[in-house]
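**Student:** For the record, the sequence lines run as chains A and B. Mapping to the working numbering: the first sequence position 249 is 387, numbers consecutive. Mapping to the working numbering: the second sequence position 299 is 1330, numbers consecutive.
If you're looking for bench data, these hints aren't it; they were derived computationally from the structure. Take the hints with a grain of salt, since some may be wrong.
What the hints assert, rightly or not - Within a straight-line C-alpha distance of at most 20 angstroms, the following computed SDA-like cross-link-like pairs (lysine to any residue) qualify: (1) A:K422 / B:K1173; (2) A:K301 / B:T1133; (3) A:K160 / B:D1167; (4) B:K1173 / A:L450; (5) B:K1214 / A:A321.
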Amino acid sequence: MENKDHNQNHQSEDLPQVLLLKPTPVMAVLGEHQFSSNKYQFLKAWESPLPLYQFLTKYANSIQAILCSGAAPVTDDLLQLLPSVRLVVAASAGTNHIDLMACCRRGISVTNAGNVFSDDGADAAVGLLFDILRKISAADRYVRQGLWVKKGDYALGSKLGGKRIGIVGLGGIGLQVAKRLEAFGCIISYNSRKKKTFVSYPFYSNICELAADSDALIICCALTDQTRHMINKEVLSALGKEGFIVNIGRGAIIDEKELVRCLVEGEIAGAGLDVFEKEPDIPKQLLELENVVLSPHKAVFTPESFLALSELVVGNLEAFFSNLPLLSPVMDE
Amino acid sequence: MESIGVLMTCPPNFPYLVEELEKRFTLYKLQNAPDKTHFINSHKNSIRAVVGNAGFGADAELIDQLPKLEIVSSFSVGLDKVDLPKCKEKRIRVTNTPDVLTNDVADLAIGLMLAVLRRLCESDRYVRSGKWKKGDYKLTTKFTGKSVGIIGLGRIGMAIATRAEAFSCPISYYARTEKPDVKYRYYPSVIELAANCQILVVACALTEETHHIVNREVMNALGPKGVLINIGRGPHVDEPELVSALLEGRLGGAGLDVFEDEPNVPEPLFGLENVVLLPHVGSGTVETRKAMADLVVGNLEAHFFKKPLLTPVV
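Bound conformation, chain A alone (with noise of 0.2 angstroms):
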């Protein structure tokens, strides 16, 4: 009761606005709460009975800010509508989703997921790399189906130990993955667009020789016009017939028509895949392979790192409408 009325007096034009085009999933499981604060409020343009045109164009000159998640991209033609945005904060590891350019163009900043998703993503890129080498869910299927006792002793795995990782993008969620390999006895390499200078690692800047030196590649990049279907029929090509693949980046990062044909005629030896191109659709012939793990895009779902973002997020807006620095802006690299 309390709270409503509170609501009510916050309704005033005296709080800036912050854009919420769609619900993100954080906040659909966390709640709304999570994210509340007393620099600022959100505007639900689903809540509304206008049209969403009408509404933006009602509302233009208070929205400060936008929330984005994959569901409802941040756009130029968006951003045209808005020109009080100075702000635009991603709600989830990827910003594939915001015109990046377009808000430098505008002189937006926009806000990634820093590195709250780091530790679950690498933890989930290693998991699925092991699945596949160990063939643990192949073999997990074979016990519940009663063939350990009906047929004996399942097929023999890959060790981990020793084999050559190529990280393809090296940046929180990658460099997180190549320290737990490591422990594995893992040999790590990488291909990112510039060289680290902090990491040893072999730096290749040649994605088809990192394939063609490596045991497995792992997916941990951001899409981007550069990395689209950058996991070509070369790319498998060199990676070879004992290679392996993970995904945990974003499902066109790899041609996937052709990483189908691949794991169907063997020319690769399995795969452990987090993304696709058209989620929740995978194509038919992956369910039906052994040599692969299918993941439904939960690499970070966990609930220490959705609190961890929601904090993040409440931090950036914060500091946005406080005039302190942002907490993890995206930088122009």
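Position chain B relative to chain A; hints supplied.
**Tutor:** Using the frame of chain A, we list chain B on its own:
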């Protein structure tokens, strides 16, 4: 050396091991014999060695039936299926396969922790069954930073600890005695260890003392958010108690590579999404099984050429 008889008590499933033994010895495959007692009786005077594994060894009864037995070479590191006191008494040598499988088994322990906490097998099933089209999978628990308690800090236990440290997991352990040069926290009893960790791993040898070392009290202490990982031997854990603890929610989850009566796995576990069930694959990689086979053959060759054994236990 072809006249030396070697009795393989385990199923002859690994072609490389069988081939390498057959190149050097006359190999008798017990599991293929229609009448095992008759088989042993017919060949007992030429059998000078036994090759067993985690599931099939050399018990007192078998040892008594083989008057010419000189050496038992196990295709495993665990020797709970070999009657060691009897071998000592009869001056029969015993070898196993330590070190070569340490990394694979430790890798599997971590792999099981990830698979259980992050529900990897269950979410793979979720996708394959088409459920993803109807809605997202739920959140799963973070693994990084969870406290890990290790029962037994031998080669495998230490290897698990160093891997878990890469995930920022605080490590504690139980062993018969505290280890002086170890930086991890020691607990003098398994129940105290279980009460103070979130993930409990069994990594000790199976002996009379460690039989059912994980019992009802330990599982209750580990609790509704705790996860048990067993990469040791099935009899380390009181299996019926484990099943009821999981079904009743007194234990949060389990990753199991071993069971009391392999290959039989308690069927009530099949419907649970918070367990991962593996068919004893701890050392099950192409690379490691080959290294283990080389050790088995190497030990036998060393013995019959009167050279020092590679990895003797007795």
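**Student:** Give a verdict on every hint.
**Tutor:** Hints, verified against the model:
| no. | hint | in the structure |
| --- | --- | --- |
| 1 | A:K422 / B:K1173 | violated (30 angstroms) |
| 2 | A:K301 / B:T1133 | holds (16 angstroms) |
| 3 | A:K160 / B:D1167 | holds (17 angstroms) |
| 4 | B:K1173 / A:L450 | holds (18 angstroms) |
| 5 | B:K1214 / A:A321 | holds (17 angstroms) |
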